[in-house]
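S.K.: The primary structure of each chain is shown beneath.
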Amino acid sequence: QAAGKVEKINAELLTLTYGSIVNQLLQDYEDVDEVNKQLDKMGYNIGLRLIDEFLAKSNLGGKCKTFKETADVIAKVGFKMFLGITAQVTNWNSEQSEFSLILEENPLADFVELPEKFSKLWFSNIYSGVIRGALEMVQMSVECKFVRDTVRGDDATELRVIFKEYLEEVIPNDE
Amino acid sequence: QAAESCLELLNIEMVQAVTRGFIETHTKHGFEGEVDKKTQDEEIRRRLESMGFEVGQRLIDRYTKERTQFEEDLDRIKFICKEFWGAIFKKHISNLKTNHRGVFVMQDDDFRWLCHFSDATGSAEFVPNYVAFPCGLIRGALANLGIQSTVQAEVHRLPACQFTIRVLSQ
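Going down the list, the sequences are from chains A and X.
Everything in the first sequence is counted per our numbering, starting at 1 for the first residue and increasing by one.
Everything in the second sequence is counted per our numbering, starting at 1001 for the first residue and increasing by one.
Isolated chain A (complex conformation):
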């Protein structure tokens, strides 16, 4: 019920709007790597702002003490609150500093078919930026990247999150 107070909309408009943005960026840059970067950048800027609403409405009653707790909160509370889905946390490394999020559903990628020439595109790369930006606002520096995506024909959609360091103070940097 944590997500109860968040205003909800029909996800179709979000899905279609996101698709049209990816399409426009592909036309502009004609370079899949650059589009991956741009999507990540957009996500980062969104993450910086989205964290405020998350903290205000998630009622978590305190910070996540460990990276493990953080992972569970992203997967079970964050995705639920903003997209109405949950993710699985898995594939921890032995140092507990890296994990994967497996998305069984991905509203951004509904109705998406990638042409062959864009096979290197991480269609939903905005997620990487959102997670990186949001965690940066709670003093956690991470690297976040897709390693598999069903849009590309992979057997699952997997985001890898790698802990880098705790930050001393937050200096928001709108990219």
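It is worth saying that the hints were derived from the structure and are not from the lab.
All of these numbers come straight from a predicted model, not from anything done at the bench.
Backbone N, C-alpha and C define an ideal beta-carbon position, used for all residues, glycine too.
Hints may contain errors.
Partial list, computed: chain A residues near chain X (C-beta under 7 Å) [stated by the list, open to error]: (1) Ala11; (2) Leu13; (3) Thr17; (4) Gln24; (5) Gly84.
Fit chain X to the supplied structure of chain A, relying on the hints for placement.
M.R.: Positioned in the frame of chain A, the structure of chain X alone reads:
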């Protein structure tokens, strides 16, 4: 079901990304050398508007599948004000006026996508770029209801937004 804030923030980032995309690649699209601010803004708005148009076309088809045919243009516009706006923004258009000669003025007194802007921050000058996509949404939705039109937005006092629809004669 997604959070409304995601869409609001995505809308802001969309304008930023399309702006960056244009500036960084403008020579590729046939614009040589320095492009003045006015030309740049017009081109960015044109792109956002046409993105909105395509999204509007696809959305309206989802909402009209089982509906009967509309008799008049006014019925189609009313459908946009109520059902279409309702599906997207969970509320109806605040006010609709018409001159009965093909001009319709729809006002949303509290347009969700402008709620992050404030007059005080001086962001008002950038607002036209942020309403180009919704203008396209409306034009696209109307096109699939059989109305060819132009749609312009005016923002006099945030976060109210006024959309003027001019029906083009067939």
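S.K.: Please go over all the hints and tell whether each is borne out by the structure.
M.R.: Taking the hints in turn, this is what the structure says about them:
1. For Ala11 of chain A, the interface hint holds, the least distance from its beta-carbon to any beta-carbon of chain X being 4 Å, beneath 7 Å.
2. Because the beta carbon of Leu13 of chain A sits about 5 Å from the nearest beta carbon in chain X, less than 7 Å, this interface hint is met.
3. Because the smallest distance between the Cβ of Thr17 of chain A and any Cβ of chain X comes to about 6 Å, under 7 Å, the interface hint for this residue holds.
4. Annotation: interface hint on Gln24 of chain A holds; nearest CB of chain X at approximately 6 Å, less than 7 Å.
5. For Gly84 of chain A, the interface hint holds, since its Cβ comes within 7 Å of a Cβ in chain X; the closest pair sits about 4 Å apart.
This entry satisfies every hint, going by the numbered hints stated previously.
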